Amino acid sequence: MFRRLVLLAAAACTFSVFATPSWAQEATQCPAKLPADTDCYSGQDRNGAFYWIARPKNWNGILVLHAHGGPRLSRPKIDDPVEDLERFAVTVSEGYAWAGSSYRREGYGVRMAAEDTENLRRITWDKLGRPRLTILHGQSWGGNVAAKAAELYSIDGAGDRVYNGVVLTSGVLAGGTRAYDVRADLRVVYQYYCHNNPKPDEEQYPLWQGLPQDAKLSRKELDARVNDCTGVDLPADQRSTEQKQNIANILAVVPVPERTLAAHLAWATLTFKDMIWRRLEGHNPFNNQTTHYTGSSDDDALNKGVERFTADPEGVRLLAYDSDLTGQIVLPTLTMHAKDDPTAPVEFETVYRDMVAKAGNSDLLVQTFTDEHEHSKLSTPQYAAIFQSMVDWIDKRAKPTPVSIDAICQQKAPAYGEPCRFDTAFYPEPLKSHEKTP
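Per this note's numbering, the very first residue in the sequence shown carries number 2; after that it's consecutive.
No lab work stands behind these hints, which were simulated from the structure alone. Computed from a prediction, not measured in an experiment: that's the story for all the values here. Note that beta-carbon positions come from the ideal geometry of N, C-alpha and C, so glycine has one too. Keep in mind that the hints are not guaranteed to be accurate.
Stated by the list, open to error - In silico DSSO-like cross-links for lysine-lysine, where the CA-CA straight-line distance does not exceed 27 Å: (1) Lys413 with Lys400; (2) Lys305 with Lys378; (3) Lys397 with Lys413; (4) Lys359 with Lys400; (5) Lys245 with Lys200; (6) Lys378 with Lys78; (7) Lys433 with Lys359.
Stated by the list, open to error - Simulated restraints on C-beta separations: (8) Val331 with Glu222: 20 to 26 Å; (9) Thr261 with Asp300: 20 to 26 Å; (10) Gln239 with Glu315: 45 to 51 Å.
Please construct the entire structure, taking both the sequences and the accompanying hints into account.
Quick look at the structure:
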């Protein structure tokens, strides 16, 4: 029933968006995970991005504007934001209104997604009225998007602030020119051992491309290849001797967890294809020419046989323009990251801290860490604490600390039945990264 209502809303929204220059909005049924008497709206903006807005009955006058992770590679649909709305329903339960966009198209593009997020702010303000506060929330790759949106759109044409604070959770905060080096490494190391992406009888191409521009390879097909080579989907005692050797060597050389090996390789294949051909005009932003790979059973053979490439300055420039951050923040910014994040390494936080410090804005940044092993969703009361701490920072002008945030979490935890797992003494090591061609 819920999906049927969503699809009906989509049809109405699609017609409206092309029939009139104004943004289309439809009241729709809220997901069951939201509090009772929440009002929900869905629609599509002028650029084709779908969005959802949720306003609880006890709205506190604060809007959480959400930027989702990914980048997702399937064409956007009207109900795409629902997944994020349900995952972060804690915001609505805490009294915040919530709004999230699908972005206008699938695939990579941080500036594109940041613009779509800013467009949704305007739509939501038009629908709900200007909130007392507007807080940007970026999750995963959406952390890069939200941080970029904060840099680009925090001050409007009249010189007024349209956002009041930024919350970045599990964020890809190293920017594109540093965040994807490990996946470029994975791509070449995997191919050295597995020889099936591409297979010997398929078109050969530089691995930094992800895939040739017109190539077709599904995630399911790629996962099957990874399993054939490494047995990653099998219990360890059911893997062949060759599979055990392959997976041991790959994971010893490239710092990705076994449980997300296939996912990282998919990003290094399918997402790289989208990035290179649709965003970087076919230019290469990656460089492993001087990288020395270690940890394998035969490092000399690996380093002699692994594919090498040098970054194209134009590829680096285009990727940096689209996704790198400057540290020029003007808003209070809180981050939360699991120490053992299997998708976005916690060391990205070090890159962001150093960037903000270099720009002279450390007074606007507080970073927190947890002892969890997850990426997409951490313990629920921690989000409640992070957002409450942000509101207190804005309203009371008292900069929070990891200890004070944990104290708020402990107060809220009984209502959610989940523990607080902040590690208030932790800070990650620097991120190792390749040198780029100037």
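Verification of the supplied hints:
A hinted pair counts as satisfied when its Cα atoms are at most 27 Å apart, and Lys413 with Lys400 qualifies at roughly 20 Å. Among the hinted pairs, Lys305 with Lys378 is inconsistent with the structure: their alpha-carbon atoms are about 41 Å apart, more than 27 Å. Note on Lys397 and Lys413: the hinted pairing holds, with a Cα-Cα distance of about 20 Å set against a maximum of 27 Å. Distance check on the hinted pair: Lys359 and Lys400 sit about 20 Å apart at the alpha-carbon level, within 27 Å; holds.
Our distance criterion of 27 Å between C-alpha atoms is met by Lys245 and Lys200, whose separation comes to about 20 Å. Straight-line distance between C-alpha atoms of Lys378 and Lys78 comes to about 22 Å, which keeps the hinted pair within the 27 Å bound. Between Lys433 and Lys359, the direct Cα distance comes to roughly 18 Å. Compliance with the 27 Å bound is thereby established for this hinted pair. Distance hint check for Val331 and Glu222: the Cβ-Cβ separation is about 46 Å, which falls outside the suggested range of 20 to 26 Å.
Between Thr261 and Asp300 the beta carbon distance is about 24 Å. The supplied range of 20 to 26 Å therefore holds. Taken as a hint, the range 45 to 51 Å holds for the pair Gln239 and Glu315, whose Cβ atoms sit roughly 47 Å apart.
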